[in-house]
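Participant: Next come the chains, spelled out residue by residue.
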Amino acid sequence: MSELLIRNGFVFDPLQGIKGDRMDIGIKGGKIVETSALNNPKTIDAAGMTVMAGGVDIHSHVVGPKVNVGRLFRPEDKLFKSPHKRCSRMEMGSSVPSTFKTGYDYARMGYVFVNEAAMPPLHSPHVHEEIRDTPIIDNAAMPVFGNNWFTLEYLKNNEIENNAAYTAWLLRATRGFGIKVVNPGGSEAWGWGLNCLHIHDPVPYFDITPAEIVKGLIETNERLGLPHSVHLHCNNLGNPGNYTDTLDSLRLAEGYTPKNDFGREQVMHVTHLQFHAYGGDSWKNVESRTKEIMDYVNAHDNITVDMGQVTLDETTTMTADGPFEYHLRAGNNLKWANVDVELETAAGVVPYIYSPKIKASTVQWAVGLELALLAKDPMRIFLTTDHPNAGPFTRYPQVIAWLMSRAARDETMKTFKWLDRTIDATSIDSIDRELTLYEIAQMTRAGPARALGVSNMYGGLAPGMDADIAVYALNPGDMPSDPAGIEKAFSRCAWLVKDGVVTVRDGEVVSEPAKRTVWVDVKVPENAQVQRDIYEHFLRHYSVKLDNYSLFEEHLHNSRVIEVDTT
Amino acid sequence: MKTVTLTLTNPSELLLEGQNITPDNFAGKKTAEIAALDVWEGKQKSPLGKYFTIAGDGGATAAETKIVLLGDCTRVKRIGQQMTAGEIVIEGNADMYIGGWMKGGKVHVKGNVDSFCGIGMEGGELIVDGKAGCHLGSSPRGEWRGMKGGLIRVAGSVGSDTATFINGGTIIIGGAADIHVSTHGEGGTVVIKGDAKGRVGGQMVKGDIYVYGTIENPLPGFKMVGEVEQEVDGEIALFAHHIGDLGERHPVSKGKTVYANLYTRL
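Sequence order for the protein chains is A and B. 21 is the number of the first residue of the first sequence in the working numbering; add one for each residue after it. 36 is the number of the first residue of the second sequence in the working numbering; add one for each residue after it.
Hints listed in this document are in silico derivations from the structure and should not be mistaken for laboratory results. Computed from a predicted model, the values in this text were never measured in an experiment. All residues carry an ideal CB built from backbone N, CA and C; glycine is no exception. Watch out, some of these pointers could steer you wrong.
[Stated by the list, open to error] Dumping the calculated SDA-like pairs for lysine to any residue here, alpha-carbon to alpha-carbon at most 25 Å:
1) K379/A to D321/A
2) K304/A to R284/B
3) K101/A to T119/B
4) K101/A to E76/B
5) K80/B to S102/A
6) K80/B to A90/B
7) K138/B to R284/B
[Stated by the list, open to error] Have a look at the derived ranges for each label pair, beta carbon to beta carbon:
8) K396/A to G290/B: 47 to 57 Å
9) E68/B to A427/A: 35 to 45 Å
10) G191/B to L354/A: 32 to 42 Å
Based on the provided sequences and hints, a complete structural model is requested.
Facilitator: Below, the structure written as structure tokens:
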């Protein structure tokens, strides 16, 4: 068994409360061990450098059909961005990179776990095939439930037990990780050309409201005791004045407490909160309402959120929120794709340019940063760009620089065409807070790992955990005065050790350790009613047969199953 | 201005990807350094000197460098791609993507060129004495921001899909044009001195097209609004003025809707 010793680095591990102490980390057999357990290790000298656990991304669209639609219909995203470089597979694209580039770039930034944010259950084989082709990083994928006919019918009749049995079946059928909810009810209403903008708008035909769907799914999730909580993309995304709807959605978690064996402390994760924190009633008078939102989040321990930070790039938006993408394309007149996935979900893809010359974009930029800077507990707010919706994940290092440095924010704000109006509409200019490396470690590793319920394996450096360790060329005692230095250090880590194998050295990928697919297998009592419902629905409504629907074993790559027993 | 002469003495078996043949890449380099620049034949990378005999040094800057290509370059692609200044003269035919994404300078092809020449052009001049293939001055695949500036002049006829998504600049075609001219156009000017086959200005929002010959299948989205005298390429002529494409969205400027203009010679 290969042994490694990472010596003398400044270690940040929020799961153990280690705040930049100079420590050695021992690695043996792909796991972290006490240094005393090593016999004759190879040594990595991390003196003067920052040592953290490998990064964990809680919400990113990296694999699956809509990502591939983005790749297919944006060939220009690859133009002159396919460098002839030394690596084992071709890297190309920027906002929708190829699977290989996705894996390599996450590894170069020191990330080891990425949670695919939305898996259409019907297309789970495609998701898993792309997971297999995405090197290095471990992946999980969340099937979408918020517009699923089974779920809507069970929750309408308040049959939580049946919905739990169905959820367990679907997680197994798709090798899924948790319950994703996208625009609950709204994407289904889109089948009728309608939407659910508010949580009490009834879904046509099903006669259930988004509020009932979310509460029902929280109850389902806690009855099953899944590692992750309900992962919610709220109604009314991206519209000025939507913060009241967001607050209504956040309040749905009131009264629920987490029940699980995985150390998870929230019952609801609200994703890309930046898109849900707008005041005003049009893009002309849009304003930041982060204060109201974060006051609520700060005061309620059973909620976690992620940022969805706008990075001011040209990107490709893609979401299972079909109606939103349709309305977005009406705004910029670019090419678009929209699709309905049978009984389950919908999706849309539209290219989008966030520009420092456009006030709407710069207000969105400020809103995202305000959320993180107003947060009291960085263990409950995570760094994301909702890749690629608000910006490509490759811009995380820039986001870290903005969070850690007021000077970095000021420098970016100097490029804004409507700086005064942006400052008037937001509170970013009045915030001087600069996050510390410890807080960044909370937002990018420890926090997301705990919220996903995988903090026994990922996101920390305690003995027994996976030996996923990122070393950044940053000296906490002598931080670079130029924020560009912070960005540079986080863009290309000095070392990444994944499962005990040196994977990245000086920012270049040097090996490809086997990646894993993480999924959740829930045992539930046999439920004849649900089995009959599934059989009936497939007979009547699905275009595929039940026998062909579940993922075949050969699609599942290097499985790491998390077992949950509710019987 | 210094001149570098490239003579194709050892033609490649496959098509040659010659994107390094630009004044920008040759500037400040001696003959031997130029011969060492990369070209791709299929997936194989080789030095330029394997295929070409090279004489002369590059100038101090791109603007002071002139490249002359001799021999049959019918299978050499991407000459002058992304060039910003200087001059290239191709004494015979050339393949695809000649002068693609040009920002400045001048490319003069004395023979014919294949498809995708002058695509994504932002400035400079591309002169073709012979014919051109499809997608002349068009936008790259998938891109909605097409030709932004510069001048393309083709003496002979051109293939289909000329000037797709054109945003600015001028394309002057001496001969006939195949289907699809200025599709999705949002600016710029296309002049066709011969006949046009059809689908001229489809989904065009803004910009001008002049057709001297006949349009075999005119689009119903264009409406004649009058007759005008216009100066085009140095000569004054009488044209029928059509506006369109009426099936498409159109911007409003100073309270007036902006349409694309299609002029056919009377």
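Participant: Now look at each hint and say whether the structure bears it out.
Facilitator: A quick look at each hint next to the structure:
1. A C-alpha spacing of about 34 Å is found between K379/A and D321/A, which places the hinted pair above 25 Å, so the restraint is violated.
2. Under the criterion of a C-alpha separation no larger than 25 Å, the hint pairing K304/A with R284/B is consistent with the structure, at around 22 Å.
3. Proposed proximity of K101/A and T119/B is supported: the alpha carbons are some 19 Å apart, at most 25 Å.
4. Distance restraint check for K101/A and E76/B: the Cα-Cα separation of roughly 20 Å lies within the 25 Å cut-off, and the hinted pair is therefore satisfied.
5. Taking the CA atoms of K80/B and S102/A, the gap is near 16 Å; set against the 25 Å cutoff, the hint holds.
6. Of the supplied pair hints, the one linking K80/B and A90/B holds, its CA atoms being roughly 22 Å apart against a limit of 25 Å.
7. For the hint pairing K138/B with R284/B, the CA-to-CA distance comes to about 30 Å; that exceeds 25 Å, so the pair is violated.
8. The beta-carbon spacing between K396/A and G290/B, approximately 52 Å, falls within the hinted interval of 47 to 57 Å.
9. Between E68/B and A427/A the beta carbon distance is about 42 Å. The supplied range of 35 to 45 Å therefore holds.
10. At roughly 35 Å, the beta carbons of G191/B and L354/A sit within the given window of 32 to 42 Å.
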